[in-house]
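**Q** Please build the complete structure, drawing on both the sequences and the hints.
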Amino acid sequence: MTDSTPSEGAAPEGAASEDATTASGAAIRPSDVASPAGGASTEAPSAGRSAGRVSSGFGRYLLRHVGGAAVSLLLVLFSSFFIFRLIAGDPIDQLTRERPVSPEERAAMRAELGLDQPMWQQFVDYLTGTLTGDLGESFQYRRPIFDLIVERLPATLLLSGTGMVLAVLLGFWIGTRSGWRQGSRFDRGHVATGLVLYSAPTFWLGMIVILVFARYLGLFPVNGMRSPSTPPDFWSQAVDIGHHLVLPVLTYTAVVYAGYLMIMRSSLLDEIGSDYLTTARAKGLRDDEVRRRHAVPNALLPTVTLVFLALGSVVNGSIVTETVFSWPGLGTLFVNSIFYPDRPVLQALFVLFSSSTILTVLCAEILYWFIDPRIRRS
Amino acid sequence: MTTTTVSPRALRRARRRQSLARSWAAYRAQRTGMVGLVLLGVIVVLALAAPVLVPESALSVTQATGGRMAPPSADFPLGTDETGRSILALTLWGSRLSLLIGLTATVVAIVIGTAVGITSGHIGGWYGWVALRLSDWFMVLPSLVVAIALLAVLGRSMATTITVIALVSWPGTTRLVRAQTLTVQSRPYLERAKALGAGHWHQMTKHILPNVLPLVLASATLLVPSAILMESSLAWLGLGDPSVVSWGSILNRASDSGAVSAHAWWYLLPPGLAILVVVLAFMMCGRALEAVFNPRLRGER
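So the sequence lines, in the order shown, correspond to chains A and B.
Going by numbering that gives the first Met the number 0, the first residue of the first sequence is number 0, and it counts up by one from there.
Going by numbering that gives the first Met the number 0, the first residue of the second sequence is number 0, and it counts up by one from there.
Calculated from the structure, these hints are not laboratory results.
Derived Cβ-Cβ restraints for the label pairs, each shown as a range: (1) B:Pro-71 <-> A:Leu-126: 55 to 63 Å; (2) B:Gln-17 <-> A:Phe-369: 47 to 55 Å; (3) B:His-262 <-> A:Cys-362: 44 to 52 Å; (4) A:Cys-362 <-> B:Lys-205: 38 to 46 Å; (5) B:His-262 <-> A:Tyr-275: 53 to 61 Å; (6) B:Lys-193 <-> A:Pro-153: 55 to 63 Å; (7) B:Trp-23 <-> A:Arg-180: 28 to 36 Å; (8) A:Arg-63 <-> B:Gly-198: 30 to 38 Å; (9) A:Phe-81 <-> B:Gln-17: 48 to 56 Å.
Heads up, the beta-carbon is just placed ideally off N, CA and C, and yes, glycines get one too.
**A** Following this line, the structure appears as structure tokens:
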């Protein structure tokens, strides 16, 4: 969702950081909710208490958010156990679908996987295992899942990291110029293009991109990350990976950049018409300078927060793109594990994807303390 | 009729009609919103008329008459798939499923989101706190990951697809509604209602809900496209109901049967463009609605 309109942009209370976690929620959060009797009782006290003492404010702020994240992480572990052990049923049935198994063999397999233990024991084992990095073994590859993840993480980070940087730069650049000249041909054209690309399903866009650039024009490889024939030295490998990277990154960026465009545009629109811009113009600054040195820095604040929040999706945001291009990353691993079915891998990746998002949101909130002085003062 | 006294109900109805007319005028003034609305109208009519335009037998693999992945021809204006079925027929019929799932999932999500949002904002206390934290937690979780994980263990059917999509999309509405509930609650007329002895139920349904609804409507129009996109992604990954035809499942078959390497552009373009157009139309309507309820976005300075 691009809820393109953090319109009430400045939510000046302690709640501001929470607003940042949700683009849409921020849109209409009232700026003075502290008055009604029952409703706001949840936030009001903490905001009130931390008001006077600035020095200990950060400690309390940090503690509150770290605590919240810890609870969220615990909930993720609970829910993954619930989903994959309780709803999903007996993994032995799935493991032994194709061959007949004697009851003794079944019992041996259950003992090996720890399924003969009572449920609470299984949960404790699962918790300690996950926390110590022992994620179990993949059914599909017969290898520790931890190694699989470590092996595939770089490919995912390369694809979505590159795509994300490009999308943010492109979105900011176009968004700033669009917002500054609202209603111009540039603005309308770019907003329309962005929205059309944003409406395209990622997997379909990827297929079309492959069809046009790889099949018809033959400019880029169809899928994968490297060709087997490339010489093993560093530079040939780098060029080869770069060559393979172009189409996936193109697809990823095309779908995502419109979100940043709209956010940057609307937060610039919030600044336009402010008195300080009139002052800047009255000083005789050129239009370009007013935009670059006065409007953009202020408009960046809400946008940068959103970028930090979006960083959480670097690990899991490219699942579909990776699958279209058979990119050997975590997303492809996740999708392939659905159909094997390789439940330990699904479970481990579910936890990894969810917890990475929770941790990035936490980092964004902590960073927000330093970026936005309003939180410190509240 | 000669009565001069106006009943409260008639008054209320007249006022509603008036504000509706005002909103409609504001909406009509926006060209993109109108374009989106017309597009949606055409698509909905086509989806409803699909059984009349193309008999259902056109979807049957055994009764297919065309060649294998044949390019567009006079008989098959959009070509055929790997079993010889008309792509045009598939795309037409696919619209029914994609729209149905997108709309149902959104309605479910909106109902849950609104109920939780209003009650958590109005009642507050520990219940409000728990509801807020829970929706926060759901909001942070990556929705596609959760949807895939749940579908992988729950099995593939239309009902599970709808449930899963609704489950990942309600928290946005909750936050929106809760925030709006808190503003509405601080208004004097609610104090008046309370002083006159209105109970929680009366306050929530008669005073808060009508004030929250316009916003909910605007956010719902923006939820539908994301639900449709989510459905198509899940179906393309092979997690859709195997017995029905939706745009995502058509594209799933296209990738499985090697349409890309066969250069079968006619197989890929129609369903994908259909998704794009529907999503775009909903987004245009949603943005226009947002502007109606939030005049600052209309570009008036």
